[in-house]
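Residue numbers (my numbering), protein chains in the order written: chain A, 2 to 251; chain B, 3 to 312.
Check before you lean on any hint, since a few could be wrong.
[As the list claims (entries may be wrong)] In silico DSSO-like links for lysine-lysine, alpha-carbon gap of 27 Å or less:
#, chain 1, residue 1, chain 2, residue 2
1, A, LYS91, B, LYS136
2, B, LYS175, A, LYS145
3, A, LYS170, A, LYS92
[Claimed, not checked] Computed footprint of chain B on chain A, listed as stretches where at least three residues anywhere in the stretch have a Cβ under 8 Å from a Cβ of chain B:
#, stretch
4, 31–45
5, 106–117
Because the hints were derived from the structure by calculation, they are not lab data.
All C-beta atoms in this analysis are idealised placements derived from N, C-alpha and C, irrespective of residue type, glycine included.
Read off the chains here:
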Amino acid sequence: MNNNILELKNAHVRYGNIEALKGVDLHIAEAEIVALIGANGAGKSTLLKSIVGLEPLNEGEVTYNSEILNGVYPERDKKNISTPTDVIVKKGISLVPEGRGIFPEMTVKENLEMGAFLIKDKKLIEQRIEEKYEMFEILKDRRKQLAGSLSGGEQQMLAIARALMNSPKLLLLDEPALGLAPIIIQNIFQIITRINKESGVTILLVEQNARMALKISDRGYVLETGNIVMVDKSSNLLENPKVKAAYLGE
Amino acid sequence: MNLFNLPHTELLQHLINGLTLGAIYSLIALGYTMVYGILKFINFAHGEILMLGAYAGYFLYYFLCEGSQTGGFAIIAFVISLIFAMLISSFLGVIIERIAYRPLRKAPRLAPLLSAIGVSIILMNLAALFFGTKSRKFDYPFDNTALQLGNISVTPNQIMILIVGIILMASLKLFIDKTRLGKAMRATSQNQAVASLMGINVNFIISLTFAIGSALAAVAGIFMSMEFKLYPTMGQMAGLKAFIAAVVGGIGNISGAMLGGILLGLLETFGVVIIGIPQGLKDTIAFSVLIIILLFRPSGLLMKNIREKV
Ligand SMILES: Nc1ncnc2c1ncn2[C@@H]1O[C@H](COP(=O)(O)OP(=O)(O)OP(=O)(O)O)[C@@H](O)[C@H]1O
Ligand SMILES: [Mg+2]
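Could you put together the complete structure from these sequences and hints?
See below:
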């Protein structure tokens, strides 16, 4: 049909009276890095949650490799039929949630093991853990430490490493740079680029740090109070006067 | 009389009695704490799950060996009945969660609590209706004459309770600390949404938690029916005490529930001995001490305070 790994069509999500997504159309092609930028409360996290089935759509649909993951079926009284999150994850989508969502009372290594929950082969799990230790050396030193005692930057590395344990085809990142020092942000963005270039993982990156996000991405979407107001090549968005004024502080 | 004037042997004797009772409380407390850890909710029907498991084991035992004979066959029948009781309680726990709690998971927190109290009352009344209110006693499948070890006397039943209690608790701890599913249980109790993002089927983990907690309660129920009595409201007081033991240990904390249960058993036993209060008032002293512990450590003895950094 097409080479879009992910598509949202007319996606609506309502929380009571608040409509957080008001008919979002978005698509991502295989091996792309797509940035999604927007102010606080624009609906970015809601959009990511709807992809992994943590927020059911009230209208529209999310498809992954042309298969519907989350949607509303007019022929079934407009009931939402969303695939359970664990089943969506099994299909190859990982989300690094906002605020990292590490398991604070488990060790670094146990957190990584949880990322590999769907893998039964113990040898493969060990091998993947070693790979992650190579990618994020600090995690190796901290492997026996409780994750709750890690610094914010270390927790973010752990959250990303954990999301990669399952070797996802599509990686969703919710504000990975939030609250981190510039040097760590640099490091994290390099790693994101590496994951995409070396392993061909498709990436949807939500960021308030718009400049960095647009620099490493192929295309970008701008979300404003539940609506996509702009979509373009990231290099064009970086030059766009409106984007510059609203999101790049120029 | 006070603790320091007690002869050593007598001290040891009370210690064994207290540990036996404590092991029973611990087994029950684990169910409260495991469910609380995952759903942040107190399963007030836990005592009735215990009671029905005990009846199931009792009826199968008497069906199999028609009475109170002892010997090889009785022991086999007992083991089969114990396992049967565990299965029945597990099944009940899982079903109750599906029917009475799961539909209320997104409701205000008081709703599932009330639902649990309702289930508890219904089960108690059904038990009274079908099994009668008279107390029964689960006969020992072995000769329960006390063994004399020096001046201490220990019954085979006490030894069994201690050994089975220790084995079950150690296995549970190993399961939760080391296995893939045990770790998934811990992950689910720390963050359900993120656990589902790991590919964990959270509903399955919740059912598993109810199954394990209920099976342990069934064992405690059988032990209580042997040491004490079997009757439709037996789960009420035992459940309340075990719940408090779980809170004292740190609700949601597995080791805390074990510790809290043992502590309560020891307090009850020594409370009577040291202060010499009448047997009937033994709960008063135990609960008073527990309240004092909570005043000093409101989140329980073993509650860690590691929070996710933001
Ligand atoms: N569980 C919820 N219940 C009610 N309203 C919610 C809920 N989650 C989000 N909202 C509302 O939906 C809107 C979009 O929220 P969302 O978290 O998706 O924004 P965001 O773009 O991720 O913001 P931020 O950059 O601050 O993370 C906001 O107005 C928010 O208040
Ligand atoms: Mg957000």
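Quick one: which hint numbers does this structure break? Sort them smallest to largest. Of the numbered hints given earlier, those the structure breaks are 1 and 4, listed in rising order.
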